[in-house]
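**Student:** Listed here are the chains, written in short residue letters.
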Amino acid sequence: MHILIFKTNIETEDARKELGSLLNSHRSIIDWNIDKEDVDKVLRIESELNNTREIMTTINKAGFICEELPD
Amino acid sequence: MNERSFIFVSEMRIRDTNKELSVKHHAMELLLKDGFDGFSMQKLAKACDISVGTLYIYYKNKEDLIIRIGIEEGKRMMKATMKNFSPDMPFAAGLKVQWENRSAYWLKNKQASLFFENIKHTHYAEVILNEISDGFRPTMQQFVKNSIAKKELEFLSFESYWSVAFGPLYTLLKFEQNGKSVGNRPYKFSKKVMYQTLELVLKALKP
Chain A
1 MHILIFKTNI ETEDARKELG SLLNSHRSII DWNIDKEDVD KVLRIESELN
51 NTREIMTTIN KAGFICEELP D
Chain B
72 MNERSFIFVS EMRIRDTNKE LSVKHHAMEL LLKDGFDGFS MQKLAKACDI
122 SVGTLYIYYK NKEDLIIRIG IEEGKRMMKA TMKNFSPDMP FAAGLKVQWE
172 NRSAYWLKNK QASLFFENIK HTHYAEVILN EISDGFRPTM QQFVKNSIAK
222 KELEFLSFES YWSVAFGPLY TLLKFEQNGK SVGNRPYKFS KKVMYQTLEL
272 VLKALKP
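The listed protein sequences correspond, in order, to chains A and B. The first sequence: position 18 = 18 (my numbering), numbered continuously. The second sequence: position 84 = 155 (my numbering), numbered continuously.
Only chain A is shown next, with the shape it has when bound in the complex (with noise of 0.2 Å):
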């Protein structure tokens, strides 16, 4: 298991909404969770590959800001 760590903006209960609704169906994904008290709003992913970039742009192209936090 890999777990993969970014910075987003995703702050809003309509956004997590949102997101869930992308990352739920995602083949790859076994948990994730956003660090709501975080000003970074760091979004957690336990993920079964080591697919930091696909995720990345998977979540851009959804509109949101989605950055690696380095290791």
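Simulated from the structure, these hints should not be mistaken for lab results. Check the hints yourself; a few may be wrong.
Cross-link-like lysine-lysine pairs, in silico, DSS-like; alpha carbons within 30 Å at most [to be verified]: (1) Lys36/A / Lys179/B; (2) Lys41/A / Lys259/B; (3) Lys36/A / Lys191/B; (4) Lys259/B / Lys7/A; (5) Lys41/A / Lys179/B; (6) Lys7/A / Lys262/B; (7) Lys191/B / Lys179/B; (8) Lys114/B / Lys36/A; (9) Lys36/A / Lys117/B; (10) Lys61/A / Lys133/B; (11) Lys17/A / Lys259/B; (12) Lys36/A / Lys146/B; (13) Lys7/A / Lys181/B; (14) Lys61/A / Lys95/B; (15) Lys41/A / Lys104/B; (16) Lys41/A / Lys117/B; (17) Lys7/A / Lys117/B; (18) Lys181/B / Lys191/B; (19) Lys259/B / Lys179/B; (20) Lys114/B / Lys17/A; (21) Lys36/A / Lys104/B; (22) Lys61/A / Lys259/B; (23) Lys36/A / Lys259/B; (24) Lys41/A / Lys191/B; (25) Lys41/A / Lys95/B; (26) Lys131/B / Lys7/A; (27) Lys36/A / Lys95/B; (28) Lys36/A / Lys90/B; (29) Lys131/B / Lys17/A; (30) Lys222/B / Lys7/A; (31) Lys7/A / Lys90/B; (32) Lys41/A / Lys90/B.
One-sided and incomplete, this derived list gives chain A residues near chain B with beta-carbon spacing under 10 Å [claimed, not checked]: (33) Leu19; (34) Leu22; (35) Leu23; (36) Asp35; (37) Glu37; (38) Asp38; (39) Asp40; (40) Val42.
We treat Cβ as the ideally placed atom computed from N, Cα and C, and that holds for glycine.
Dock chain B against chain A, hints included.
**Tutor:** Below, chain B alone, put in the same frame as chain A:
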């Protein structure tokens, strides 16, 4: 799910104990300095000289971090409190062991003790207490029940019992924490004063 073992197996990331201890130490320090609302993962990462990304590998989010640190430290505290203690002890001897254990833990772990004082009134407390007080609460309740049955302890409401049995001890420990007692008098904790105070407490609680 045990994410730690996953990390270990799949990413060959060997857990660094020193790093983990540093995170725990700095987290408690920052939580005491900035409060639970002012605490952030960025500030913590900076204080530990690691990246925020690394922090999120170990902890899911701020809440997960606070709760896990609280549980880990809380278990240590409970274990220390129970050392050489049995609920079947005579009341005076048992309370003496409790005072000795609690003061020893407090004096050796000032940061963690303050952390628990502060966490008491947050929503994290309930989760942490549920995890750590298995065994502790029933044991202390049994001790009180036995002591009342043996007519070694006055029958009182829980709050009344606790405030007399432990309130004075924590007052002394807080004086020690501040280095000052009432009216800014310089204060240093001593076992002599602790035992004198305990004598009075035992006298008060006798039926």
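**Student:** Can you list which hints this structure breaks, lowest number first?
**Tutor:** Hints 1, 2, 4, 5, 6, 11, 13, 14, 22, 23, 30, 33, 34, 35 contradicted; others consistent.
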